[in-house]
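A.B. asks: Residues per chain are reported as follows:
There are 2 protein chains.
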Amino acid sequence: MTLERDASAPPVLIVGSMAFDDLDLPSGPARNIVGGSATYAGLAAALYAPVQIVAVVGADFPADAIGMLESRGVDVSGIERAAGKTFRWAGRYSPNLASRETLDTQLNVFADFRPKLPETFRATKTLLLGNIHPALQLEVLAQTRSPDLVVADTMNFWISGEKKLLLEVLAKVDVLVVNDEEVRQLSEDHNLKRAAKAVLRMGPKRVVVKRGDAGAMLFDESGVFFAPAYPLETEVDPTGAGDTFAGAVMGFLARAQRTDSATFRQALLAGATIASFCVEGVGTSALADLTHQALAARLRELMGLLDTGAR
Amino acid sequence: MTLERDASAPPVLIVGSMAFDDLDLPSGPARNIVGGSATYAGLAAALYAPVQIVAVVGADFPADAIGMLESRGVDVSGIERAAGKTFRWAGRYSPNLASRETLDTQLNVFADFRPKLPETFRATKTLLLGNIHPALQLEVLAQTRSPDLVVADTMNFWISGEKKLLLEVLAKVDVLVVNDEEVRQLSEDHNLKRAAKAVLRMGPKRVVVKRGDAGAMLFDESGVFFAPAYPLETEVDPTGAGDTFAGAVMGFLARAQRTDSATFRQALLAGATIASFCVEGVGTSALADLTHQALAARLRELMGLLDTGAR
Numbered sequence: 001m002t003l004e005r006d007a008s009a010p011p012v013l014i015v016g017s018m019a020f021d022d023l024d025l026p027s028g029p030a031r032n033i034v035g036g037s038a039t040y041a042g043l044a045a046a047l048y049a050p051v052q053i054v055a056v057v058g059a060d061f062p063a064d065a066i067g068m069l070e071s072r073g074v075d076v077s078g079i080e081r082a083a084g085k086t087f088r089w090a091g092r093y094s095p096n097l098a099s100r101e102t103l104d105t106q107l108n109v110f111a112d113f114r115p116k117l118p119e120t121f122r123a124t125k126t127l128l129l130g131n132i133h134p135a136l137q138l139e140v141l142a143q144t145r146s147p148d149l150v151v152a153d154t155m156n157f158w159i160s161g162e163k164k165l166l167l168e169v170l171a172k173v174d175v176l177v178v179n180d181e182e183v184r185q186l187s188e189d190h191n192l193k194r195a196a197k198a199v200l201r202m203g204p205k206r207v208v209v210k211r212g213d214a215g216a217m218l219f220d221e222s223g224v225f226f227a228p229a230y231p232l233e234t235e236v237d238p239t240g241a242g243d244t245f246a247g248a249v250m251g252f253l254a255r256a257q258r259t260d261s262a263t264f265r266q267a268l269l270a271g272a273t274i275a276s277f278c279v280e281g282v283g284t285s286a287l288a289d290l291t292h293q294a295l296a297a298r299l300r301e302l303m304g305l306l307d308t309g310a311r
Numbered sequence: 001m002t003l004e005r006d007a008s009a010p011p012v013l014i015v016g017s018m019a020f021d022d023l024d025l026p027s028g029p030a031r032n033i034v035g036g037s038a039t040y041a042g043l044a045a046a047l048y049a050p051v052q053i054v055a056v057v058g059a060d061f062p063a064d065a066i067g068m069l070e071s072r073g074v075d076v077s078g079i080e081r082a083a084g085k086t087f088r089w090a091g092r093y094s095p096n097l098a099s100r101e102t103l104d105t106q107l108n109v110f111a112d113f114r115p116k117l118p119e120t121f122r123a124t125k126t127l128l129l130g131n132i133h134p135a136l137q138l139e140v141l142a143q144t145r146s147p148d149l150v151v152a153d154t155m156n157f158w159i160s161g162e163k164k165l166l167l168e169v170l171a172k173v174d175v176l177v178v179n180d181e182e183v184r185q186l187s188e189d190h191n192l193k194r195a196a197k198a199v200l201r202m203g204p205k206r207v208v209v210k211r212g213d214a215g216a217m218l219f220d221e222s223g224v225f226f227a228p229a230y231p232l233e234t235e236v237d238p239t240g241a242g243d244t245f246a247g248a249v250m251g252f253l254a255r256a257q258r259t260d261s262a263t264f265r266q267a268l269l270a271g272a273t274i275a276s277f278c279v280e281g282v283g284t285s286a287l288a289d290l291t292h293q294a295l296a297a298r299l300r301e302l303m304g305l306l307d308t309g310a311r
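The listed protein sequences correspond, in order, to chains A and B. Oh and the first sequence: position 130 is 130 in this note's numbering, straight run, nothing missing. Oh and the second sequence: position 34 is 34 in this note's numbering, straight run, nothing missing.
Some hints could be false.
Same chains, same names: a pair is fine if it fits in one copy or spans any two.
[As the list claims (entries may be wrong)] Below, in silico cross-link-like pairs of lysine to any residue (SDA-like), each with a Cα-Cα straight-line distance of 25 Å or less:
#	residue 1	residue 2
1	K163	Q293
2	K197	R211
3	K85	D260
4	K205	D260
5	K85	N179
6	K163	L138
7	K193	T308
8	K193	G212
9	K197	T308
10	K193	M303
11	K193	R298
12	K205	E233
13	K197	E233
14	K197	G212
15	K197	E70
16	K164	L107
17	K172	Q185
No wet-lab data here; the hints were simulated from the structure. Since the structure is predicted, the reported quantities are computational estimates derived from the model, not experimental observations.
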């Protein structure tokens with residue numbers, strides 16, 4: 001199930017945020033780190049397939065960060081450069097990285113973000129709707145021409161504040177990727193399996209529940225699949241690991257040109273593996289350095305975690 | 001890998017507690033519930049192999065609870081009946097069962113427990129040292145004749161208060177079964193993989209880390225294995241699930257008469273499955289009602305969670 005990047009694979013369209021992050025990590029402070037969900041997801045998806053990003057940055061966003069994405073096969077023509085400052089997030093992690101608190105959020109140009117898909121992006125078949133306002137997710141959907149696979153992310157803020165619009169989104173997407181707290185909040189059920197089944201009734205054919213270092217679970221009509229997190233000995237910065245996971249899953253599926261349950265299971269394992277690399281460096285640094293050789297080796301190791309020894 | 005009980009398999013010797021539990025569950029209060037680590041572990045192990053229990057109960061312990069164990073193939077000749085009251089624990093679970101607080105602990109006859117192995121138990125090859133004082137675990141070991149497999153449990157109380165004796169125990173056992181917080185505390189390392197590796201250096205050849213509904217992990221020389229928890233839709237009472245898991249693993253290994261890594265991985269899956277049944281009823285009720293047919297069906301389902309779809 002190891003896949004090399006295929007530059008001729010159908011592209012993955014990712015709509016999300018691009019940001020500067022100011023991180024207080026156990027290893028020390030890290031300032032002005034280029035991040036955002038579209039950056040992490042785009043880099044991860046680009047390991048397998050061409051990527052198109054739709055996002056907004058401010059006048060202060062470094063050209064070489066966009067150049068880095070371009071050099072990896074990301075079509076950056078949908079990244080709008082607006083007057084003003086780039087979205088900025090500041091957070092502090094606990095010493096064991098198990099939790100974090102938001103210190104500051106400055107939406108800046110992201111506050112007025114209205115995603116506009118370049119004409120060349122509208123026919124894209126594989127779409128990742130990053131964690132943006134559900135109204136904007138609907139606007140993006142309205143600009144596309146019948147994509148084959150739409151995967152959406154969301155967060156507690158939209159679940160509590162924009163539930164009606166979010167339900168409209170859910171009725172139109174194939175897959176929801178959220179964390180365990182979000183699936184509980186969305187379904188108003190603390191039991192994870194019942195919660196996932198409730199979300200399946202809201203529209204998506206599959207629900208992927210991210211559980212951090214406890215792995216990720218896939219719920220669909222073929223049952224439940226468990227992708228463990230790769231057990232790391234060196235954890236540096238979990239920022240963007242969830243977006244990396246989602247992006248990698250999208251890239252894997254686009255590259256495989258299949259979205260059946262077995263391929264989805266393999267995509268989750270690839271996503272868990274790539275997300276583990278993300279955590280090993282500050283920001284996107286470890287992800288940017290990732291080779292297919294290192295990825296293949298760790299993916300084999302991760303699959304060993306599921307090897308029941310039954311022959 | 002489905003195994004029926006084999007009454008001619010080598011027995012599992014379990015040393016631990018027998019208790020009354022007073023539980024405040026989301027489903028309501030449950031009082032005078034027969035519990036204790038040896039009870040849960042014994043019932044679980046007896047699904048696969050003969051079991052011998054060494055424990056102490058008070059004059060108030062019901063004869064029919066001991067009769068129930070006996071009817072399932074547990075040799076109860078090592079259960080001492082002392083003058084006084086049985087060990088009693090009272091706890092309250094949070095509404096989502098994710099956490100619990102101890103309301104009361106009355107050691108009673110358990111305070112003076114000095115395990116005495118009946119002569120017929122001393123040659124037993126498979127030994128589970130339940131969570132008792134490390135000095136008592138050492139006394140038990142001294143009464144055995146070179147068992148092939150010794151598995152030990154412990155808890156935060158002994159890790160912080162009796163570390164030196166506990167390290168003596170660890171130098172003499174093959175496997176440590178603990179939860180994630182305990183392995184972190186024992187190793188003084190918050191990183192789970194590094195923590196497990198540190199414990200492996202203390203003596204055991206394998207470390208099993210229980211993570212509740214996030215499953216269990218096996219660390220040994222063959223790497224890491226991940227046994228997911230079976231995703232339950234109805235969770236009633238998690239009391240004893242960890243002991244059930246450990247007992248089931250012991251029974252499976254005794255029944256298989258193998259302790260290689262592949263068999264251990266399968267034992268963990270059996271343990272996770274049987275522990276899931278435990279959670280579905282108050283006290284040992286669901287465990288006591290468990291049939292091999294239901295066990296086999298759920299075990300197949302659990303293995304489906306690890307099915308990567310790769311053919």
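A.B. asks: Output the indices of the hints that this structure fails to meet, ascending.
C.D. replies: 1, 3, 5 and 15
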